[in-house]
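Colleague: Take these sequences, add in the hints, and give me the full structure.
Protein chains: 2
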Amino acid sequence: MKARRAVVLVSGGLDSAVAATIAKCERFELYALTFQYGQRNERELESAKKVADALRVKEHKILTVPLDAFGQSALTDKKIPVPKQRSKQEIGTGVPVTYVPGRNTVFVAMGLAYAESVGAEAVFIGAHALDYSGYPDCRPEYFEKWNELAKLATKQAIEGAPAKIVAPLVQWTKSKIVETGHDLKAPMKHTWSCYESGPAPCGKCDACQIRAEAFARAGIPDPALATLKP
Amino acid sequence: MKARRAVVLVSGGLDSAVAATIAKCERFELYALTFQYGQRNERELESAKKVADALRVKEHKILTVPLDAFGQSALTDKKIPVPKQRSKQEIGTGVPVTYVPGRNTVFVAMGLAYAESVGAEAVFIGAHALDYSGYPDCRPEYFEKWNELAKLATKQAIEGAPAKIVAPLVQWTKSKIVETGHDLKAPMKHTWSCYESGPAPCGKCDACQIRAEAFARAGIPDPALATLKP
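Line order of the protein sequences matches chains A and B. The first sequence begins at 1 in my numbering and counts up by one. The second sequence begins at 1 in my numbering and counts up by one.
The set of hints was computed from the structure by calculation and includes no laboratory data. Some hints here could point you the wrong way.
The list cannot tell twin chains apart, which means a pair is met if one copy fits it or any two copies do.
[Stated by the list, open to error] Cut-off 30 Å, straight-line C-alpha distance, at most; resulting in silico cross-link-like pairs (BS3-like, lysine-lysine):
#1 K78 x K204
#2 K61 x K145
#3 K49 x K78
#4 K204 x K88
#5 K79 x K2
#6 K204 x K155
#7 K58 x K79
#8 K145 x K204
#9 K49 x K164
#10 K155 x K88
#11 K185 x K2
#12 K151 x K79
#13 K61 x K84
#14 K58 x K78
#15 K88 x K78
#16 K164 x K145
#17 K78 x K185
#18 K61 x K176
#19 K2 x K78
#20 K151 x K185
#21 K79 x K176
#22 K189 x K155
#23 K176 x K155
#24 K185 x K164
Modeller: Here you go:
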């Protein structure tokens, strides 16, 4: 029997590693897709390769998509500083400067193209809404609408088998993601969440703070920090 | 008063030149976006530059988006030949091998990202359904659904001003496009429709045949052919 296939968007971060692990546990054969989009962070890319390896994906494509051509985000524009040591309330308010215009929209579109080319029936993305309430393209209704568009967008769709966009974490808290990753043995130790590169996570940006709190709440030590020890 | 802005997707072909001209006539300030996506055709790119110049766009971004990484199309995969001298009935049947998986979906997504970054209120695309009935991502319902997604996808949307995806030609015949382009003085003479590169259009691929027929029906000589004369 031909294996069922899924495209998994793997950023190198924690969430996408857990989402891809969920796809693996659902017995999909995995086609990993990672984007270089001008993000400052090269550590993420290394992590993405390790995560894809650990999940024994069938194929891993690393593609350059020039979202940095549009600027407007602290993640792609060196002139905009990454905010540090913001309070929990600040993190939860408004659209943060780390928001990259159109990012998930472009990533899901590329995922659909890849899915069509390999005959995959799903595109897994690790987005979640709760801890990043300010990101428009992380909300459940956004992914629901994507699924309606996917039913019209491709040759697969015309032939009656559109790929589904699956965002399994979309309504989860970050600590539930950590717990699930732990239970499913997701390769969390290889993941990188910090908005900066460097020998170790900065510990101060929103992403570091959210990650640390999630592991603390889950009562699980962060395995990525363990690998940093001498 | 600040000029209203529109992103115009400019491929170098006839349709996008006419769509961009319509945006110009609606007094938008134009932000042109052209993609290199591994298409065989470098003539298209030259044409896109000339069209953007002729329309005096405010900015023209030419971005590489690696759709060729996924193969599956005669336009991006050198192993798949471009069909020649197909009958009108053959051209109108099924999804042609020149269909590029996910192409318009990725292009519109990138257009939305660009629109958000420059505060544009519309993204114009020259797709039309009638002469390419086989392309899933050229149908009116596809663009309608895109507009629903655009209302959720961006910070602009959250702030109550989502960019609109405008496909003004979507229900037009190719000859109506030619007539309108002629009336609005669209820079049709700079456009290139042929699926191949070369000193002159091949005259035999679907795109050449559709173009020639459209000019013939409209009773207008093709100004691009005139520029080829010695």
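Colleague: Tell me, please, which holds for K58 and K79 at an alpha-carbon limit of 30 Å: within, between, both or neither?
Modeller: between (38 Å within a copy, 23 Å between copies)
Colleague: Cα distance capped at 30 Å. Does K79 pair with K176 within a copy, between copies, both, or neither?
Modeller: Classified as neither; 35 Å inside a copy, 47 Å across copies.
Colleague: State whether the alpha carbon distance between K145 and K204 is at most 30 Å within one copy, between copies, both, or neither.
Modeller: Neither, since 34 Å and 40 Å both go past 30 Å.
Colleague: Using 30 Å as the alpha-carbon threshold, which applies to K49 and K164: within, between, both, or neither?
Modeller: within (24 Å within a copy, 37 Å between copies)
Colleague: How would you label the pair K78, K204 (within, between, both, or neither) given a Cα cut-off of 30 Å?
Modeller: within (18 Å within a copy, 49 Å between copies)
Colleague: At most 30 Å between alpha carbons: which applies to K2 and K78, within, between, both or neither?
Modeller: between (46 Å within a copy, 28 Å between copies)
Colleague: Check K78 against K185 for me: Cα-Cα at most 30 Å, and say if that holds within a copy, between copies, both or neither.
Modeller: neither (36 Å within a copy, 42 Å between copies)
Colleague: Between copies, within a copy, both or neither: which fits K204 and K155 at Cα up to 30 Å?
Modeller: Classified as between: cross-chain Cα gap 25 Å, same-chain 45 Å, threshold 30 Å.
Colleague: Under a CA distance limit of 30 Å, which applies to K189 and K155: within one copy, between copies, both, or neither?
Modeller: Answer is neither: 38 Å inside a copy and 33 Å across each miss the 30 Å cutoff.
Colleague: Between the shortest in-copy and the shortest cross-copy C-alpha distance, which are at most 30 Å for K79 and K2: within, between, both, or neither?
Modeller: between (49 Å within a copy, 25 Å between copies)
Colleague: From the Cα coordinates, with 30 Å as the cut-off, is the pair K155 and K88 best called within, between, both, or neither?
Modeller: Result: close only across copies, 21 Å inter versus 45 Å intra.
Colleague: At 30 Å max between alpha carbons, let me know whether K151 reaches K185 within a copy, between copies, both or neither.
Modeller: neither (33 Å within a copy, 37 Å between copies)
Going through the hint list in order, the structure does not satisfy hints 8, 13, 17, 20, 21, 22.
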